[in-house]
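If you read the protein sequences in the order shown, they are chains B and P. The first sequence begins at 1 in the UniProt record's numbering and counts up one residue at a time. The second sequence begins at 1 in the UniProt record's numbering and counts up one residue at a time.
A few of these clues could be false.
For identical chains, the list gives no copy identity; a pair is met inside one copy or between any two copies.
[As the list claims (entries may be wrong)] Derived lysine to any residue pairs resembling SDA-like cross-links, with alpha carbons at most 25 Å apart: (1) K334 to T277; (2) K257 to N312; (3) K167 to G426; (4) K229 to Y256; (5) K257 to K325; (6) K42 to G107; (7) K298 to S281; (8) K325 to R395; (9) K167 to L111; (10) K229 to Q259; (11) K193 to D160; (12) K77 to Q259; (13) K305 to A238; (14) K305 to G240; (15) K257 to A238; (16) K71 to P181; (17) K298 to A238; (18) K197 to L380; (19) K61 to K129; (20) K257 to N284; (21) K325 to Q259; (22) K392 to P407; (23) K129 to P68; (24) K325 to Y256.
These are computed hints drawn from the structure, not numbers from a lab. Here the structure is a predicted model, which is why all the values come from computation and not from measurement.
2 protein chains.
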Amino acid sequence: MSKTFLSALAAGTLFAGSALAQDVDPAHAETVKRIVDSQSFKAAVEALQKDHDRWISEVIKLTEIPAPPFKEQERAKAYMEMLKAHGLAEVEIDEEGNAMGVRKGTGGGPLVVVSAHLDTVFPEGTDVKVKRDGSRLAAPGVGDDSAGLATLLSIVRAMDAAGIKTKSDIVFLGDVGEEGPGDLRGVRYFFTKGKYKDQVKYFFSLDGGGTPTITNCGVGSKRYRVTYKGPGGHSFQAFGLVNPMTAMAQTVVEFYKIQTPANPKTTYAASVTGGGTSVNSIPNEVWMEFDMRSVDAKELDRLEKRFLAIVNQSLETENFARSTKEGSVSADIKLIGDRPAGRTDEKQDIVQIATAAFQANGIPPAYECASTDSNMPMSLGIPALTIPRTGKADRFHALDEWMDTDPQSNLTVKKIVLATVLGVAGAQ
Amino acid sequence: MSKTFLSALAAGTLFAGSALAQDVDPAHAETVKRIVDSQSFKAAVEALQKDHDRWISEVIKLTEIPAPPFKEQERAKAYMEMLKAHGLAEVEIDEEGNAMGVRKGTGGGPLVVVSAHLDTVFPEGTDVKVKRDGSRLAAPGVGDDSAGLATLLSIVRAMDAAGIKTKSDIVFLGDVGEEGPGDLRGVRYFFTKGKYKDQVKYFFSLDGGGTPTITNCGVGSKRYRVTYKGPGGHSFQAFGLVNPMTAMAQTVVEFYKIQTPANPKTTYAASVTGGGTSVNSIPNEVWMEFDMRSVDAKELDRLEKRFLAIVNQSLETENFARSTKEGSVSADIKLIGDRPAGRTDEKQDIVQIATAAFQANGIPPAYECASTDSNMPMSLGIPALTIPRTGKADRFHALDEWMDTDPQSNLTVKKIVLATVLGVAGAQ
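Excised from the complex, chain B in its bound form (with noise of 0.2 Å):
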């Protein structure tokens, strides 16, 4: 899960946008209530509790292999023979390196799926060494994102162990490239290009910090890295030239001119530079990387376009403005962050299912944007919530990360993880 969630949640905040859910269709509450009062899903509690020794364990594991952006092989590899392990059927690693299995169902349920992933924010080199005192573990990434796929492991065993059937098909997968410069590559090769493409039909991505929440809606980014380039020279004896400094300055004032919404929330910013020869130098290339999000795909796609035009004009204005004799200003637009904003509407049923498993652990859950893997199918249309991996945990993307594994909360969560897929998923 990217910072937009973490950060609200370290800062104990919610979103614009986010509500408390209280109305369940009667049909959905009755589906939940009739999965979590029977044998089967009992006698699965009861696994989860046996299990918590062993989901630590793997918490632990997991995270003690690195997994940096892009280099997420090992980790991978482990929690593929994990999978295997389990019995699941047709493991592999597919090409874009995400690990996964099929836990088959006796036919006619909608594919679905249930995920967590396996990239840190963390860089190579980081010691991701399991600190342990009492039930607390930190680590850099031991909640953000083992925690889920610890439970993701947790959850199958417990179904294996009290013999629960679904209709569907369920594909676990632990995924590549969800963090910053990932840019969501594991869920957009799954979704665009993967075995499963076009068989979907609902997806949950184990990724939230802490249990009252159910992301339903996902905050869309584009993020573009511009070079300005130009002639450069010397700053006295070449003055008079354009500079691309000034046409990058001038894209950031006219940028930070634009009104967006507050509802739909769409937002901007300048938010790293560089570039530059000498202090006496007109510079021949300066840079600068921005980031635009939206909770809505329509008003990010009119502040790309309102930014993109900023760019040129800015360009226009600097070579208007001086001499372009030894050569013009230019700029290299890079896009760097592509994800897509999406919507899980509340009266969708995976929507309606989740908040009646919350409520029947009475807990009344508050409905979020944030941005993570669901963002991929949400923007397909495919229903997705990014829901609960753990109970307190926090400190995300910081080397001080850390998650208490005390069982009640953390049973709490399983038990509605497990409600809200066995809802989706057709228990029988």
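Put chain P on the given structure of chain B with help from the hints.
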């Protein structure tokens, strides 16, 4: 000599304001004629011819002792030993690191300084081994200013060999910190704190790349590094907070609206930038370096005041445009370069004598503006010139810097330097 001058030479162009000098006051022309026609001057020229190989060996020796900015100690020590070996008096390295010694006069003459600079622009670790190819020497710093340092010693030897006496005491100076980051620290110390402070009447810097130029005008500069700070925050969650990037961009856009005079030439540049946390963060801190130059101290001062006002206005603009609830944007404004502008009027005897010395060799010199050690005395009203150190040379400040040691053109340069120095020092 800084790039201002060198780039002009490399590009084969002259600065605005450069002009061919022709008219010399007859009294000064007569002084120079008397000197160059004297038996002792002819003996000195003969000594310079015989000294050719030693001069080359000293150019090589000095070049091969690395002297990066602020790390001239080893070369300074070697140069001090060379000054000592020439029998100069009061040989020392001062507190700033300048190496110097005095050639005592017979008394009653004005104190004259003849200098070259010890430092190069090249960082530690640069390969400074000199490559010879016929009469051509190639190495970083070989011309700028090892040639000046060696020519200075050659002049001392020629005066000694010819038994030339002057009324003036002449301080021979190898100074530190002429190049970029050094910011003239060697001559700044020499003129404001050194033992000869307030006594110097004439100053020469041997720091020109080709024969036909007299630098009698010092391009002043003010350089700033401005660090813009703000509260920072998540690009989506904290959207609406002030962004230091926007304030910085505002500075650049307003700065580049300034119309500076073409004469006295006054210029500016936004040149180097950096900062920011990640593409999805409002930055806490970004920075930029700015360069301002003028051949006129008042114009430079006016430009600097306007620049500083713009920085403050940019902060205000941003603090009124977006939310300051998490903090305002502010700026650390650091002066990183301060070279005073100055001019030695063409009517001054030092210019007249130098011009006559060029003309005595059949060369009409051009008067030019540049940024050299002479800026400092010029700014204090002390007559100062930067005059050539060598014949053909180019690619200063580049790794493929070279100079030609051909005897003819280098002898001409040395004759011009010697006649000029003797003209102001009262040769007897």
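Hint by hint, where does the structure go against what was stated? Just the numbers, ascending.
Failing hints, ascending: 11 and 12.
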